[in-house]
Amino acid sequence: MTSFDPHFVRRDIPLLERVINDHAITYLDSGATSLPPRCVIEAMTRYYELRHANVHRSVFQTASEATAAYEGARDLTARFINAPGGAEEVVFTKNTTESFNLLAKSWGWANLHDGDVVLLSEMEHHANIVPWFQLREERGIEVRFIPVTDEYRLDLSHLDELLNNVKLVSVTAMSNVLGTINPVRELAVAAHGVGALIAIDGAQSIAHGPTDVVDLDIDFLAFSAHKMLGPTGIGVFWTRAELLNEMPPFLGGGGMIADVRLDGYTPANGPTRFEAGTPPIAEAVGLGAAVRYLQGLGMANIDAHEENLTRDALQRLEDQFAGRVRVIGPNNVVNRGAVVSLDVEGVHAHDVAQVLDQFGVCVRPGHHCAKPLMRRFGLSATVRVSYGPYSLAQDTDVLLEALEHAVKMFG
Amino acid sequence: MTSFDPHFVRRDIPLLERVINDHAITYLDSGATSLPPRCVIEAMTRYYELRHANVHRSVFQTASEATAAYEGARDLTARFINAPGGAEEVVFTKNTTESFNLLAKSWGWANLHDGDVVLLSEMEHHANIVPWFQLREERGIEVRFIPVTDEYRLDLSHLDELLNNVKLVSVTAMSNVLGTINPVRELAVAAHGVGALIAIDGAQSIAHGPTDVVDLDIDFLAFSAHKMLGPTGIGVFWTRAELLNEMPPFLGGGGMIADVRLDGYTPANGPTRFEAGTPPIAEAVGLGAAVRYLQGLGMANIDAHEENLTRDALQRLEDQFAGRVRVIGPNNVVNRGAVVSLDVEGVHAHDVAQVLDQFGVCVRPGHHCAKPLMRRFGLSATVRVSYGPYSLAQDTDVLLEALEHAVKMFG
Amino acid sequence: MSNLEDLYREIILDHYRSPRNRGELPSPPAQRVEGFNPLCGDEIVVYLNIEDGVLTDIKLTGQGCSISQASSSMMSSAVKGKSLEQVRDAITSFKQLMTVHASTLQENGQPVEADLRSLGELAALQGVVKFPVRIKCATLAWNTLSQGLDDQLSN
Amino acid sequence: MSNLEDLYREIILDHYRSPRNRGELPSPPAQRVEGFNPLCGDEIVVYLNIEDGVLTDIKLTGQGCSISQASSSMMSSAVKGKSLEQVRDAITSFKQLMTVHASTLQENGQPVEADLRSLGELAALQGVVKFPVRIKCATLAWNTLSQGLDDQLSN
Ligand SMILES: Cc1ncc(COP(=O)(O)O)c(C=O)c1O
Ligand SMILES: Cc1ncc(COP(=O)(O)O)c(C=O)c1O
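Sequences listed follow chains A, B, C and D, in order. Oh and the first sequence: position 276 is 276 in the working numbering, straight run, nothing missing. With positions in the second sequence counted from 1, the corresponding number in the working numbering is that position plus 411. With positions in the third sequence counted from 1, the corresponding number in the working numbering is that position plus 822. With positions in the fourth sequence counted from 1, the corresponding number in the working numbering is that position plus 977.
Since the hints were derived computationally from the structure, they do not count as laboratory data. Treat each hint with caution, since some may be false.
To be verified - Here are the simulated distance ranges between beta carbons: (1) A:Asn164 / D:Gly1058: 57 to 67 angstroms; (2) D:Gly1097 / B:Asp714: 51 to 61 angstroms; (3) B:Asn742 / A:Pro84: 47 to 57 angstroms; (4) A:Asn164 / B:Asp525: 30 to 40 angstroms; (5) A:His192 / C:Leu975: 36 to 46 angstroms; (6) B:Ala479 / C:Leu975: 29 to 39 angstroms; (7) B:Gly822 / D:Val1077: 46 to 56 angstroms; (8) C:Asp836 / A:Arg316: 51 to 61 angstroms; (9) B:Glu756 / D:Val1077: 29 to 39 angstroms; (10) C:Lys917 / B:Gln805: 33 to 43 angstroms.
Unchecked claim - Okay, the calculated bits of chain A under chain B, using three or more residues with CB under 8 angstroms as the criterion: (11) 231 to 242; (12) 248 to 257.
To be verified - Negatives, chain C to chain A, calculated, CB over 12 angstroms: (13) Arg844; (14) Glu846; (15) Thr914.
Everything numeric in this text was worked out from a predicted model, so none of it was measured. Every residue, glycine too, gets a C-beta built ideally from N, C-alpha and C.
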């Protein structure tokens, strides 16, 4: 616990040496994508320089090494989330979004029918909304939403009614707009209580604290490597082996089949059934390196560090900007991650972000792919500040100074 | 033209310095995946070190740079294949296989109905078979196959009959097993003549010669970066803008929408409609670098170089192994690429490849994801030798020497 | 911060703070067109009254950043009361202004090619091209207007 | 080439060249099970005659590399005429042999843990673990047999 030091982490991140508009970069957009440490970048470079080959298909040395590296990453990922069935439960997709499409178009297609209900929440990312809307168009399922309270929490007061006819609860572990961390275990108990399954969007939560699918008692999990100090181009879909083996194929092609004849095909078993075509091999290597790096830092340490940053930021925003800047999200750090959305009085998020950029401050303005949530709060956009393990309270200093300028400029 | 020298290319490829089982590597598996030059690897490294950020969503400096790099790669790719509508016609997928799934599950789903025929060929890769079988299960379309002659060519003698009720012809430009290069333009004329569209699997052809979609007069094209000296994790789907804009969404999520409400969503226009979630950004940067590198070498030069290698290999296999090793593919270089499949008398492909590995020779044994083709020729596996721009006739020397050992060992 | 001042000219901030032609028109008879900028969440609704080939009235609602708001406000002033042909010309000129690549701007920030005079105060938006991500903010209203004219034609 | 000789022991090549129990059994009564190795295209069909808890006869057809062919041939010799319990034990022992990680092999190539004696000539396949990609070739027949027993049970 005591060995975690964000200053050491910073030394590992090449991008933090970047200068923007004559200022050292202040990267506060880890919620959109995180900055990979050198060891992740180098793992991929070394892969391409030493052992790049197509996996699963050849017997030669580099191909065996590539396969071992690819499957090794699957194994590391399985351990990282404590998958009870190990690597056999981990499917590599291209991102969280594909993982949800896989869930909806394979499991959902096979198991959901007219009148069945999928229960989402109003704070979901589009990745966990649109695939269900698509299924609704094709299958006549109902998509229902757990409301969000004025305190930016899930409103579970009518959960029993909401669960009526529900076959799947699919919610985010942590909102990418509000920072709210949802009571996943409680929801899992409730879902299972009515015979429903539960899927969790781990895109935000995965890099910010420990994830243990057994402990959470969930059935499906989706996340992306690029939000956990890993590369772009790879995501993860996890489910229990029993469920995985019952899921019909999704994308068809090479690698996912046991046999193809002119009159039909037989799908393969295990995760490869869902990995059609040449998979993201170098990206898996990068993901594996990211997992190892995060484990080295200690997920509990990251959690504690980010909680401190968030507490500090919330406090100082209140002290310095009360009445001018509103935090769209819980105002304390209880069940709350290091994502802080701001509504700046009278200034559009886009303009705030533009001014911040002049100070080298990277934040994200917009709807954050959560339009239903934005509508819920009558907003069209927020300025989102989000922290990572390499973030410092000094980043908040720069942010607040730049924010003063923005407010003055448009005031 | 005269400036192309494979020895110079070799200096750019770090993996060619690899030593395997005390032998310098002899990489003859470019048909499975190609070896990226240093500039491709470095472009991705630099991206992660200097400008990694999520695209399309933020206004800060590195995000604009990342977006420009990502969209720049789209532009380079469009020029590389001479897309008439430019970058707006280029969709980034994860590989060729996803591109075909996109074609089948979006365009096919919207346009093909009971009784409509998709005409493939017996030499297709599973990537261009299984998605159609999946559509057949759901839509009752008919999937028909152009037969392959004993000379390993498409049998077009009954093309008129085969085209009956055909709405889409979908064939490979170059077989990944036989090396056969198909008469794409002729097929395009025939398809259009009956009002059908034509899709081309460019996975093999893309790195081996010029590709001009206007000249070929085709409607859809799919290929993967990793087969053209680029990275894993990214593929391309091209179609004409008119067709693209009529295609319904496929994967749903962030980035592909114009709006999401609790009661529905509106998809975005242009390529982004098909790019749900965080795209393969670093991979696009790598693909862009690969395109530039290939253009620097000159696609016509690569074509000529590989033709020489193939001619030489076919000749020497005949001279040295006649009666013991059979080439499964055309025995001359007319309309033939640098993929040479071997059937070694009395020795299983897997065992041949294993022995070859002891000499550092990397070839691929197996069905090459073309099981219908293997069945057509009564084979369960071949040993596939495939060349790239960095290949030399000396690679064939080593191959033939190792092949002697394999034949003796199991003789 | 010179770049920033180039982007946020005083006249832009003025249109942002006091947008012109804000509101709705009864529809029908007015034509109603919606525009989205999916990337940043900007939304706009344009109401058009077209009579005898003339854009007799235009009103706007929606929300967005200063650039998109100012651009739509300035657009409405520029095209109101104009013939459809003039409106189309204005759209073309404005889009040209937005596609002049930043590198072809002269040192003093003047576009080399686009005909600035015909644009009037809209020329103040030229600083946007130095911020490629913002170009879509500036063009949203124009694309929506253009869409409205196309719809009109096809009805 | 010492590794290679470890893989291709003489007895393996012998079984490859002269496979035992090759052919089909009339089915029914024999049980017919198919196995694929999707990665390399190996295919196997196993025919089982099971009477009173004893595997009275076994035949195999299919195609594959020397390792998969030799392994299936050796398997057929090892399990033919054995009680189902003995067959299951053989399957377990063989799978154990195949999961002994290469690094736990002693210098002289002997697995430390698996009980080699119980495996008889099958022990010759231990060299396969040094070639992880080939393990699936060696286990294909065994997995197919195992599947056959399971199917039997559930019928
Ligand atoms: C002809 C052909 N089509 C499709 C593919 C599939 O490409 P990918 O695995 O990159 O999806 C390949 C490569 O394996 C191929 O050779
Ligand atoms: C909560 C949440 N879900 C899903 C996603 C989608 O992830 P990706 O874009 O990697 O598919 C994101 C990130 O944008 C997110 O924050």
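Quick rundown of the hints versus the structure:
Checked against the given bound of 57 to 67 angstroms, the beta carbons of Asn164 (chain A) and Gly1058 (chain D), roughly 60 angstroms apart, stay inside it. The given range of 51 to 61 angstroms is respected by Gly1097 (chain D) and Asp714 (chain B), whose C-beta atoms sit roughly 56 angstroms from each other. For Asn742 (chain B) and Pro84 (chain A), the Cβ-Cβ distance of about 55 angstroms falls inside the hinted range of 47 to 57 angstroms, so the restraint holds. Asn164 (chain A) and Asp525 (chain B) have their C-beta atoms about 37 angstroms apart, which keeps the hinted 30 to 40 angstroms range intact.
At roughly 57 angstroms, the beta carbons of His192 (chain A) and Leu975 (chain C) sit outside the given window of 36 to 46 angstroms. Checked against the hint of 29 to 39 angstroms, the pair Ala479 (chain B) and Leu975 (chain C) passes, with Cβ atoms roughly 35 angstroms apart. With their beta carbons about 32 angstroms apart, Gly822 (chain B) and Val1077 (chain D) fall outside the hinted range of 46 to 56 angstroms. In this structure, Asp836 (chain C) and Arg316 (chain A) break the distance hint of 51 to 61 angstroms, their C-beta atoms being roughly 33 angstroms apart.
For Glu756 (chain B) paired with Val1077 (chain D), a C-beta distance near 35 angstroms keeps the hint of 29 to 39 angstroms intact. Checked against the hint of 33 to 43 angstroms, the C-beta distance between Lys917 (chain C) and Gln805 (chain B) comes to roughly 57 angstroms, which is inconsistent with it. Requiring three or more residues with a Cβ within less than 8 angstroms of a Cβ of chain B, the coverage given for the segment 231 to 242 of chain A holds, as 5 such residues are present. Requiring three or more residues with a Cβ within less than 8 angstroms of a Cβ of chain B, the coverage given for the segment 248 to 257 of chain A holds, as 8 such residues are present.
Distance check on Arg844 (chain C): its Cβ is at least 15 angstroms (rounded) from any Cβ of chain A, clearing the 12 angstroms threshold; non-interface status holds. No beta-carbon of chain A is positioned within 12 angstroms of the beta-carbon of Glu846 (chain C); the least distance is around 18 angstroms. Distance to chain A confirms Thr914 (chain C) as a non-interface residue, since its nearest Cβ pair spans about 26 angstroms, more than 12 angstroms.
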